[in-house]
Amino acid sequence: MTLVLAIMLPLLSAFLIPFFHLARKTLSAGLISIMGLASISAALAAAYTGWYSPAVSLMGGWAPDIGIALVGDRLSSAFLLLTSIGSGAALACALEKFGGGPWRFYALFFLLLGSMNGILLTGDLFNLFVFYEIFSVAAYLLVAFSMSWQALEAGLKYLVLGTIGALFILLGTAFTFMATGVLNMALLAEALASIPRETLTAISACLVLGLTIKTGAFPVHFWLPDAHSSAQTAVSALLSGVLIKVSIYALMRVCYIFFLGTNGTVFLAITVTGSLSVLGGHLMALRQDDIKRLLAYSTVAQIGYILIGIGCASAAGAAAAVFHTFNHMLMKMGLFITAGNLSEEKGTREICGLTGLWKSHPVWVAAFAVLSAAIVGMPPMNGFMSKWFIILSSAGAGTVIPALVIAAGTVISAAYYLRILSAFISPGEGSSSGLPPSVPRKPRRRSISFAIVGSFALLCLVLGVMAFSPFFRECFSSIGQTAVDVEAYVGLVTGR
Amino acid sequence: MILLSYATAIIIFCIGLYTIMVRRNLFKTVLGLALMESAVLLIIVSSGYIPGGVPPIAPFSGQAVNPLPHAFTLTAIVIGASDIALALAFIVKLHRHYRTVDLDRIRGLRG
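Here the protein sequences line up with chains G and F, keeping their order.
Those letters in the first sequence? Residues 1 to 496, by my numbering.
Those letters in the second sequence? Residues 1001 to 1111, by my numbering.
Hints are computed from structural coordinates only; laboratory data are not their basis.
Do not rely on the hints blindly, as some may be mistaken.
[Unchecked claim] Residues of chain G clear of chain F, computed beta-carbon distances all greater than 12 Å:
1. Phe-105
2. Ala-395
3. Pro-470
[Said to hold, decoys possible] Stretch-level coverage of chain F by chain G, calculated; a stretch enters the list once three of its residues show a Cβ under 8 Å from a Cβ in chain G:
4. 1017-1031
5. 1041-1050
6. 1077-1087
7. 1091-1102
[Unchecked claim] Partial list, derived from the structure: chain F residues whose beta carbon lies under 8 Å from chain G:
8. Met-1036
9. Glu-1037
10. Phe-1072
11. Ile-1106
Where is the CB? At the ideal position from N, CA and C, for every residue including glycine.
Input sequences plus hints: build the corresponding full structure.
Printed below as a string of structure tokens:
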């Protein structure tokens, strides 16, 4: 039942918020935080259940071949933990910035939270599509929430590309249903082994293309930089840190369950897309002057690393990909919140205008430096560890090209992160004139944001060191094992 | 007969995708999305067809057509309608700002 609650509580909050607004006219921040805490603890409870005793809950008691099954295993619990941390942090930032004011924002936020948990827990292909669409519509609206022309354009672009992706997923689902007559993912894993080769190729092409568009990998990434840079700070952090990871989960789940034993070409395609994303994302980021666009292109490149890990089609590769997913969530959310706050302070998003910040905001710049060292991959940090594991497993999968691509990408990313840091540290002309009057009240207003950024920076260090401990490696390798062990998944759902 | 409907659906799907990629008018982009969606729905509906089947309403005799695809189609129609409504709302807002729906004159976010 905990699995159902993780979906129901956020959706209930999303539908209650408008009623509270109608009844009371104002929405208190306390009410929102209680709803947020309830939803996040329900998700964590589902993650706990899934981790220690993999659970299946059949909706309405129907058997898996007719009804919808919710499945919680170690892979979904890892991602539930990730989305809970990420969306909790984004909610805290949003509450600090807006208070309880914009009820539409919070309704969309909880809708997003519920549908993300739905994607992570569902065991049914069509249900995955439905949750994906709820999730996407909420995300389009959150991107366009500020209603400025950039935000509207970015939202429309995201909507058009996202809908094309969704229609490819729907087409793939339709082909799957026509070929096999079932939609439960565990039963499909068995049924897809015995269908004609051409049908399987069509199904895998549609599903992988659709999910790749939703992930924002390089050749189809156009929506991502606009959407991530035009949204407000809390939303950008949520988009880059959490939403992309849910798409990564869907890609991982669908590819491993359906195509691991049947169509190895899919994984070659994912590896190639990942390598292209790493190079393309880093090279595009190098050319950006707008700090948020730069971070968004850096996200494209980081997705490339994760895709290379998934493309290894091995337990080690999956474990490394999940580890990098966690690290990227911590690093990129921290970077987006820092960049958003600093550029609001300076009134510009151009990197050359963000000067003299080391004098006025030393702690923020220090946190930014730690986070960017982690994302570039300095040795004791978590970014280095996960890249290292991805390189090891991709070399173990038989080809060395992705490993070389990752190494080249690291050099490029060091170049552009150092450019931002040198701008921050260089003495700017206006650093002492405009700030003193605003200093007394600003630090208090943004203390929650800073607490989040600081703890994420600290976690980056801690995770990098923890990667040496056997217990920690055991955890991540068991996630990888769960991801590639299709038979255990089928056994769990069918009860055989 | 049924093959004809599959072929039609795939052709419509490709026309929709082509419209989105080539046309510079935002309304035509939305039309392209609507075409793609209808094509996928056509495939799903026709996949449930059984030659000589009767409607699957409770007291029926003989073999009924598969009702499951119809349920999917209804769900997908609702989702598609909300996507398209949202796209049109965005376009109305953008038109108020730019006074045009030509993509070449709207793109402020290039690069």
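Interface hint status, Met-1036(F) versus chain G (Cβ within 8 Å): Nearest chain G Cβ about 5 Å off; hint holds.
Supplied contact hint for Ile-1106(F), tested at 8 Å Cβ to chain G: Since chain G brings a Cβ to about 7 Å from Ile-1106(F), closer than 8 Å, the hint holds.
Per-stretch coverage check for the region 1077-1087 of chain F, three Cβ contacts closer than 8 Å to chain G: With 5 residues close enough to chain G, the hint holds.
Beyond 12 Å from every chain F Cβ - status for Ala-395(G): Answer for Ala-395(G): holds, closest chain F Cβ roughly 35 Å.
Beyond 12 Å from every chain F Cβ - status for Phe-105(G): The claim stands: Phe-105(G) keeps its Cβ more than 12 Å from every Cβ of chain F (closest is about 16 Å).
Restraint outcome when Phe-1072(F) is required to lie within 8 Å of chain G by C-beta distance: With a minimum Cβ separation of about 6 Å from chain G (threshold 8 Å), the hint on Phe-1072(F) holds.
Outcome, coverage hint (the region 1017-1031 of chain F, chain G; C-beta under 8 Å; three residues): Check passed, 4 qualifying residues.
Per-stretch coverage check for the region 1091-1102 of chain F, three Cβ contacts closer than 8 Å to chain G: holds (count 5)
Interface restraint verdict for Glu-1037(F) against chain G (beta-carbon cut-off 8 Å): holds (6 Å)
No chain F beta carbon within 12 Å of Pro-470(G)'s: holds (46 Å)
Whether chain G covers the region 1041-1050 of chain F (at least 3 residues having a Cβ closer than 8 Å to its Cβ atoms): Per the Cβ count (3), the hint holds.
Checked against the numbered hints above, the structure breaks none of them.
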